[in-house]
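Listed here are the chains, written in short residue letters.
2 protein chains.
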Amino acid sequence: GEHYIIAAQRVIEDAVDHGVCIQAECWVCLSLTLHIVKFTNWVITHHLSVSPRFLLQINCVTFPLPGEGPEQQLLKPDEWSYCDYFWADRKDPQCTTSVTGFEVLLQKQLKGKQLQKEMAEFIHERIKIEEEYAKNLSKLSLSPLAAQEEGTLGEAWTQLKKSLHDEAEVHLKFSNKLHTEVEKPLLTFRGDNFKKDLKKYDHHIADLRKQLASRYASVEKARKALADRQKDLEVKTQQLEIKLSNKTEEDIKKARRKSTQAGDDLMRCVDLYNQTQSKWFEEMVTTSMELEKLEVERIEWIQQHLRQYTTLRHETDMFNQSMVEPVDQLLQNVDPAKDRELWVKENKTGDVRPVDMDI
Amino acid sequence: GEHYIIAAQRVIEDAVDHGVCIQAECWVCLSLTLHIVKFTNWVITHHLSVSPRFLLQINCVTFPLPGEGPEQQLLKPDEWSYCDYFWADRKDPQCTTSVTGFEVLLQKQLKGKQLQKEMAEFIHERIKIEEEYAKNLSKLSLSPLAAQEEGTLGEAWTQLKKSLHDEAEVHLKFSNKLHTEVEKPLLTFRGDNFKKDLKKYDHHIADLRKQLASRYASVEKARKALADRQKDLEVKTQQLEIKLSNKTEEDIKKARRKSTQAGDDLMRCVDLYNQTQSKWFEEMVTTSMELEKLEVERIEWIQQHLRQYTTLRHETDMFNQSMVEPVDQLLQNVDPAKDRELWVKENKTGDVRPVDMDI
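Which chain is which? The protein sequence lines are A and B, in order. Mapping to the UniProt record's numbering: the first sequence position 191 is 191, numbers consecutive. Mapping to the UniProt record's numbering: the second sequence position 161 is 161, numbers consecutive.
Simulated from the structure, these hints should not be mistaken for lab results. It is possible that part of the hints are untrue.
Once the Cα atoms are required to be at most 27 Å apart in a straight line, the calculated DSSO-like pairs of lysine-lysine come out as [as the list claims (entries may be wrong)]:
#1 A:345 x B:338
#2 B:279 x A:195
#3 A:348 x B:224
#4 B:199 x B:293
#5 B:139 x B:177
#6 A:345 x B:199
#7 B:348 x A:279
#8 B:348 x A:76
#9 B:210 x B:195
#10 A:108 x B:338
#11 B:345 x A:108
#12 A:161 x B:338
Each pair of labels, with its calculated beta carbon distance range [stated by the list, open to error]:
#13 A:132 x B:193: 39 to 47 Å
#14 B:158 x A:188: 18 to 26 Å
#15 A:144 x B:200: 47 to 55 Å
#16 A:311 x B:338: 44 to 52 Å
#17 A:128 x B:204: 23 to 31 Å
Residues from chain B that face chain A, not an exhaustive set, calculated with beta carbons under 7 Å [as the list claims (entries may be wrong)]:
#18 95
#19 197
#20 306
#21 334
Using N, Cα and C, we set each Cβ at its ideal position, and we do this for glycine too.
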């Protein structure tokens, strides 16, 4: 607590007075309190020619304080990689809980699964619209309207009506392909196992954080024990100096031994903590990279299948256009003279012209 | 009647015996009876080197008999023109009435009006189908499905959804143009006046036929009167030869005068008949040509407007295809790295990596 801050302050003041460069051994471990800000400012304003590394724990994870010191380089510069940006927990503004950076990454993948399902649903709706349209066109193509038109004009009209059925077939084909090449894949991409795999990652990382919290508690406990032992030693030493008690040197040696032991305990706890944090760190890097890869694959897969959608749309419009061509052809062949010939041959009443009556 | 047939037969037999060429003056007018067939056959089998013109009246119109003689050349050869093929009446097999060739032509035009209306109805149905399709696509384009997709993939998806609305607009435009450029014209082409005009033609030609029938009745009446007069003269002449009666030459002169007068009456009636038939003939040629022209115009007009239909179909499919292009463009721009950058910038929790705890 404050004790340490004051002690640190004094060490540094001393070093400054003596022009001494403070080495790594002088790292001071501080808990996160309001004093840190004050202290940091003090360090900065005094332009210390030191490289102090001040640390803070947030939710049992140890971070360096921002400020002068060796800047951390991104693990994967210019890549905006997951492994570089999700170390801290995010505090939920609406409540007191916080969510880990990893959970943010995980939620994104789960969200992605939901989005692909919604896309499939959208495609399904399009399929229904196409089937309805095809059904209507097909029905209309069977209409007997103007079926009595004859000759080349009648043929063109008949083909025009038929072309609606051809168009219907094109749209039906489109909707079938939409189903097999876009909708169904969107529904089945990353099946149920995907969520299970994500859950496994989730639990694994969460377990490591729990372990880390547990190790951190041990460190705090050992730190407190050391503080107690040191205070005891100090008191006993002072008492010896002012001959306040009957304590013998034996007692001081014992107190000193216990203090040393407490110090060793603390170091062991810190070691274990650091090992666990390293393990968590490794898993974070590995797993976040895995999630990053999954996201790239997801985007590329969806891109590919949406391109399949647009390809089908192109094809459909082209096929649809070609359905009009036979109609165009027959319309071009419409020949009133031909139609007159056909009709007259069929319907003529008599080609012998009347002549004058004579006696 | 039979009297004439026998008389004609005898004249021709005589001529044949004497190797005489029978001139125009010897045209014999015969009523339509079974004898005609027998007679025609007789004429044909005897390979007469004559040009007999035997006539027959059907429904008061006078036609030359088929057979050897100057062939009638078509008024408009190789054109299958209405004016060449609709002279006779057509007998309705189901009843005793007959329908004129002209009525057949008229019915065709009236039928054409009905057919254009049916075509308009068909186009109307297509319009309804297009509007339904457009409505459905538009509605689906507003769907919030997968709206939470972000970055370049989200943009592509958003454009994909929007493209449905663009397609809907294309189809709506198509249906609107179908209405103004095809349906409406088909409905209004040849308005109500058309039927009225046709009715006028109908009545005019029918009136001329009625007049012709009336003139024909007069001819028959005059012919009978002549026959009576001639019989009377013959009887009176015979009676004179065998001195059967007290008839004086006066009576015979009177009978002969009446006979001559009856002959003149007949010739006048035949003249009037021929004038009326000529008038009807002219009107038939003129009006049937008019109907022929109307039919050519009808076919060409419909051809033109059905081509407008196919043009609109072509356009629609082309516009529709182009609606996919912005989607293609955005899909091409889908960039997982970019999306990661955007998302990470927005959602990162902290880029400071944990460090070892130290005392």
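Hint by hint, here is what the structure shows:
1. A:345 x B:338: Distance of about 74 Å is beyond 27 Å: violated.
2. B:279 x A:195: 96 Å, violated
3. A:348 x B:224: Roughly 35 Å between the alpha carbons, so the hint for residue 348 of chain A and residue 224 of chain B is violated.
4. B:199 x B:293: 17 Å, holds
5. B:139 x B:177: It holds: about 22 Å lies between the C-alpha atoms, which stays within 27 Å.
6. A:345 x B:199: Holds, at roughly 25 Å.
7. B:348 x A:279: Between residue 348 of chain B and residue 279 of chain A the Cα gap is close to 22 Å, so the pair holds against 27 Å.
8. B:348 x A:76: 15 Å, holds
9. B:210 x B:195: Holds: residue 210 of chain B and residue 195 of chain B sit about 22 Å apart, inside 27 Å.
10. A:108 x B:338: Measuring from Cα to Cα gives roughly 16 Å; hence the hint holds.
11. B:345 x A:108: 14 Å, holds
12. A:161 x B:338: 50 Å, violated
13. A:132 x B:193: 39 to 47 Å: Distance hint for residue 132 of chain A, residue 193 of chain B holds at roughly 42 Å.
14. B:158 x A:188: 18 to 26 Å: 24 Å, holds
15. A:144 x B:200: 47 to 55 Å: Between residue 144 of chain A and residue 200 of chain B, where Cβ atoms are some 32 Å apart, the hint is violated.
16. A:311 x B:338: 44 to 52 Å: 23 Å, violated
17. A:128 x B:204: 23 to 31 Å: 60 Å, violated
18. 95: 17 Å, violated
19. 197: Interface hint status for residue 197 of chain B: violated (20 Å vs cutoff 7 Å).
20. 306: Holds, because the Cβ-Cβ distance from residue 306 of chain B to chain A comes to roughly 6 Å (cut-off 7 Å).
21. 334: 4 Å, holds
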